[in-house]
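Chains as they are written, first to last, in the working numbering: chain A, 1 to 71; chain B, 1 to 286; chain C, 1 to 226.
Since the hints were made in silico from the structure, they are not lab data.
Lysine to any residue pairs mimicking SDA-like chemistry, simulated, CA-CA at most 20 Å apart: (1) A/K57 - B/E54; (2) B/K53 - A/S43; (3) B/K59 - C/K58; (4) C/K58 - A/D62; (5) B/K53 - A/F47.
Have a look at the derived ranges for each label pair, beta carbon to beta carbon: (6) B/V237 - A/K5: 43 to 53 Å; (7) B/L52 - A/L20: 22 to 32 Å; (8) C/L219 - A/K56: 56 to 66 Å; (9) A/L23 - B/L285: 49 to 59 Å.
Below, a sample of chain A positions facing chain B; criterion: calculated Cβ distance under 10 Å: (10) I19; (11) I37; (12) K63; (13) R64; (14) E66.
Everything numeric in this text was worked out from a predicted model, so none of it was measured. Virtual Cβ for every residue (Gly too), placed ideally from N, Cα, C.
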Amino acid sequence: MDKLKAVSWFIFVISVASILYALIINPPNWIVYAISIVFIPLSILSFGLLSMARGKKEEEEDKRKEPFIGY
Amino acid sequence: MNLMANILLNVIISFLVGSVLLGLQRKVMARIQMRPGPPIIQHLLHTFKFFLKESAFPKTAAMPFYIAITAMLCVIWVAAVIVGPVTEGSLLLFFAIYAIHKIVEHNAGSSSGSPYGKLSCVRAVFSAAAEVPLFAVLIIIYLKTGTMILSNIVTYQNQHGALLLSIPLAALMFFVLILSKSPYSPFAITKGKDIVSGYETEHFGLLRGYLMFSESIAWYMLLWIFLTVFIGGLNPVGYLIGMVVITAFVAFINALTPILNPNHSVMTQVTLAFIGIVGSVILLLY
Amino acid sequence: MDISILGGPILGIIPLGDIVLYFTPFNLFMFAAALAFTALIAISSTESQVEAEFGTLKNREVKVDKAEFKLRRFLAIVCGLATAGAMVTGDLFDFTLFVTLIGIVNIGIVAAVKEIDVLDAAFQYGLIAMIGTLPLFGGAALVLAATGTISLLQIVQIPYTTSLMAFGSILFFLGVAGETGVAPFFATKAEMFRTPGSPFLLIIHLSSLLVIVRTIEILLIINKPF
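Bound-form chain A, shown alone (with noise of 0.2 Å):
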């Protein structure tokens, strides 16, 4: 798998972790808080870039040199 999937799995499978980490060990006030803060947005994103949908492989670089190459 591409660079992009393997570093969004990495965090994400993280963020999961830590989040489940803190419901069920239940760690003191400030750790929940960081834990929220820093875990919950990277998890939805991660889980974003896992779910988003892929173009063809070809096409990839078309579509990100689109404003000097016009279509």
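Here the structure of chain A is known, so what remains is to put chains B and C in place on it, guided by the hints.
Frame of chain A, contents of chains B and C only:
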């Protein structure tokens, strides 16, 4: 209840209720303009839909800044949920969150390199002048109640009655602030259609869904803060009714006004702030 | 008056001799936000702006070149660290020093750019920032003269506000407004943001807004209306 579960529940509720309220706003606007309008859950459906769409990250974008700035928007509004419904902390923190929201509007626009984003970026800096009313509202609330902590403000209102009745001009200024954050409002210069979608133009697909998620939470939190600070002591049904009423009222105004040009938008907000501040000081002294 | 009615309960104090840093949830949040954005700036590349060309239908890119990039990134990180410091300092004079550093570095961040309108706006902002240092330091000095201390944690214990303290804080606020370039003192600071280098422009805007929010807390600490 477990604190983390409390936070998660509040985030989910704020997202769902915020999305439905934004959808309701579009529906009311449409009906005033004598067209059927989209279903009320449209905003919610769009948010989910965007998570499944294809996203290309432009070659000209500043990476990873371009993606991280959308994550920052979610971070600050999750922090707002923690400061508000979960812990009822300091209102000054809410001001800081609102200021950072402006920063995100500014930099989401400039991070992609698109000219529409750049225009929205500069307009976001102009519209920071609209924070003067928020600054004044906080000072007036502080002068009236002697505290900036939300739980103390609610206690004050239980003893002395709703702040809506004792400092109505401050409530009006806060309402203008809510109006400026609503879609299609006369003050929505950063997202005006004359610049396509403003700072959101080049954040499409997944990142647009992510921005919509954060904006739903933002809408809910703005209304929650208004109801808590100016009416206070409401149960969940009271909050829901209050939010629906404010959303419908905002939709009335948005349906019937055009978007003002940037200079007029800023000057209107500053003028309303000036009237509000002078009026409130006079009311406080007498 | 207890400082906890403003930003929440004091979570901790770091005494560095006379200079005391204090953390309430409010200060801690802004400190963390400033550091998070600074870290983001340190790892980001810049965007290339797309502009229309005259005479053809093509677009051209306006980029930040390597030497300019390194210089501006360094200044942006310094600005971010100064902002973070200004958020937690419990010392009025320390705060004014951080604010002047932010003002200087803000000009430096756009001074390397090669666009005339941006340089004009930066020059005028520089003039106003320089003029703003007088009321800024003068106001802080007047507060010191009126209260006998520059430690905010001690000023908050004083139960009354004299007229000199109020005057000093008005000057202080004018100084902050000049240094950070807020409307109505410098409404065309926005012209400085039309240049490429999005992460660096972020820190200019962020530092100004966070410093103003902190200034409100400081003004409420010095002036006690009841």
